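Modelling step: build the complete structure from the supplied sequences, incorporating the hints.
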Amino acid sequence: MAPTREMSLETKERIVKLLEEGNSSRMVAKDVGCSQSAVSKIWTKYKQHGMVVKAKRTGRPRKTSKRQDKQLKHKWEEAGANVCDRTVRNRLKEMGFQYRKAKRKPSLTPKHKRTRLQWAKESDESRICIGQGDDAGTFVWCRSSEIYEEACLKKTTKFPQSLMIWGCMSGKGTGEMTVVNSSINAQVYIDILDSFLIPSIEQMFGDNEIIFQDDNASCHRAKTVKAFLGERHIQSMSWPANSPDLNPIENLWWKLKKMVHKKAPTCKADLATAIKESWHQIDAEYCLSLIKSMPQRLKAVIQAKGGATKY
Numbered sequence: 001m002a003p004t005r006e007m008s009l010e011t012k013e014r015i016v017k018l019l020e021e022g023n024s025s026r027m028v029a030k031d032v033g034c035s036q037s038a039v040s041k042i043w044t045k046y047k048q049h050g051m052v053v054k055a056k057r058t059g060r061p062r063k064t065s066k067r068q069d070k071q072l073k074h075k076w077e078e079a080g081a082n083v084c085d086r087t088v089r090n091r092l093k094e095m096g097f098q099y100r101k102a103k104r105k106p107s108l109t110p111k112h113k114r115t116r117l118q119w120a121k122e123s124d125e126s127r128i129c130i131g132q133g134d135d136a137g138t139f140v141w142c143r144s145s146e147i148y149e150e151a152c153l154k155k156t157t158k159f160p161q162s163l164m165i166w167g168c169m170s171g172k173g174t175g176e177m178t179v180v181n182s183s184i185n186a187q188v189y190i191d192i193l194d195s196f197l198i199p200s201i202e203q204m205f206g207d208n209e210i211i212f213q214d215d216n217a218s219c220h221r222a223k224t225v226k227a228f229l230g231e232r233h234i235q236s237m238s239w240p241a242n243s244p245d246l247n248p249i250e251n252l253w254w255k256l257k258k259m260v261h262k263k264a265p266t267c268k269a270d271l272a273t274a275i276k277e278s279w280h281q282i283d284a285e286y287c288l289s290l291i292k293s294m295p296q297r298l299k300a301v302i303q304a305k306g307g308a309t310k311y
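Under the UniProt record's numbering, the sequence shown has 252 at position 252, and the numbering climbs by one with no breaks.
These are calculated hints, taken from the structure and not from any lab test.
Errors might be hidden in some of the hints.
Label pairs and their calculated CB-CB ranges [as the list claims (entries may be wrong)]:
| id | residue 1 | residue 2 | range |
| --- | --- | --- | --- |
| 1 | N216 | M294 | 28 to 36 angstroms |
| 2 | Q48 | M164 | 42 to 50 angstroms |
| 3 | C34 | V188 | 25 to 33 angstroms |
| 4 | A284 | T178 | 14 to 22 angstroms |
| 5 | I234 | Q48 | 39 to 47 angstroms |
| 6 | K223 | K276 | 30 to 38 angstroms |
List of simulated lysine-lysine pairs, DSBU-like, C-alpha gap at most 30 angstroms [to be verified]:
| id | residue 1 | residue 2 |
| --- | --- | --- |
| 7 | K276 | K257 |
| 8 | K226 | K45 |
| 9 | K172 | K226 |
| 10 | K113 | K255 |
| 11 | K17 | K310 |
| 12 | K113 | K268 |
| 13 | K299 | K105 |
| 14 | K263 | K45 |
| 15 | K17 | K226 |
| 16 | K30 | K17 |
| 17 | K113 | K292 |
| 18 | K41 | K226 |
Owing to the predicted nature of the structure, the values given are computational and were not obtained by experimental measurement.
Ideal placement from N, C-alpha and C gives every residue a C-beta, glycine not left out.
What follows is the structure in structure tokens.
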């Protein structure tokens, strides 16, 4: 029997993320392309160790110390992918290093990291395009001579039609959502809050006090916006810059875009309809799972000393 190919660390982390968001193991297995039993094993291991760990394997004993391993890694990074030193390259592979595409994350300055770390210890809008939502890529089986055949291509649009939307959520589910047909300044944002946030608060929380969280867009932090929220006795949460990984609604936007993409809209009118239908299909249980993920997000920021996290 041929040996089974070990699942990549990136795939394991994606499985954990999807399960933490409340998705079923069956849906997760289908999403990443593996069996349900593999998903269950990874989830069990994650709950036991608090992280996605690779299985220990027997093999030849180490020939370098951890300090020497760090020196090798540093040498590799200085030389880049075209390094000719096979000893360095092979030893790094033995240590589990892979030369892979770097993850895209917001640039964090030391000040950003300090602010994120302090915020973690003390404790929107989105654009949807036609054809968006399949960020993981499309895979096809083909021969090397067929890679440019029509059936093997993923067609893209140079200037895809898109819509800007505003929506809100809480642990009780999604609130109001609207398509925004103009650029957003302070007054437009106040009108959105008055027409859609206030009714959402009243519907979900009644007269109870709430804490409102949005990001640091300039129109969100305008004096007139602060005054509007103050007049309505809505407390606004402080928020560290460049921190989408701390904002649960970013996961909701990702899920919404995937749902809209499956409906395959072909024009703006279809796109608007698909967005509204998908928004109302997002259940309260999913929203609650995102809110419940906040302790893990804060813990991850603290462990990263304010740096980037997997979320």
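How the hints compare with the structure:
1. N216 - M294: 28 to 36 angstroms: 18 angstroms, violated
2. Q48 - M164: 42 to 50 angstroms: 43 angstroms, holds
3. C34 - V188: 25 to 33 angstroms: 45 angstroms, violated
4. A284 - T178: 14 to 22 angstroms: 20 angstroms, holds
5. I234 - Q48: 39 to 47 angstroms: 42 angstroms, holds
6. K223 - K276: 30 to 38 angstroms: 33 angstroms, holds
7. K276 - K257: 11 angstroms, holds
8. K226 - K45: Violated, because 46 angstroms separates the two Cα atoms, which is more than 30 angstroms.
9. K172 - K226: Holds, at roughly 25 angstroms.
10. K113 - K255: Roughly 27 angstroms between the alpha carbons, so the hint for K113 and K255 holds.
11. K17 - K310: At roughly 8 angstroms apart (the allowed maximum being 30 angstroms), K310 and K17 satisfy the hint.
12. K113 - K268: Judged against 30 angstroms, a Cα distance of about 39 angstroms means the pair is violated.
13. K299 - K105: Status holds; Cα separation ~18 angstroms.
14. K263 - K45: 35 angstroms, violated
15. K17 - K226: 34 angstroms, violated
16. K30 - K17: 14 angstroms, holds
17. K113 - K292: 23 angstroms, holds
18. K41 - K226: This hinted pair is violated, its Cα atoms lying about 48 angstroms apart.
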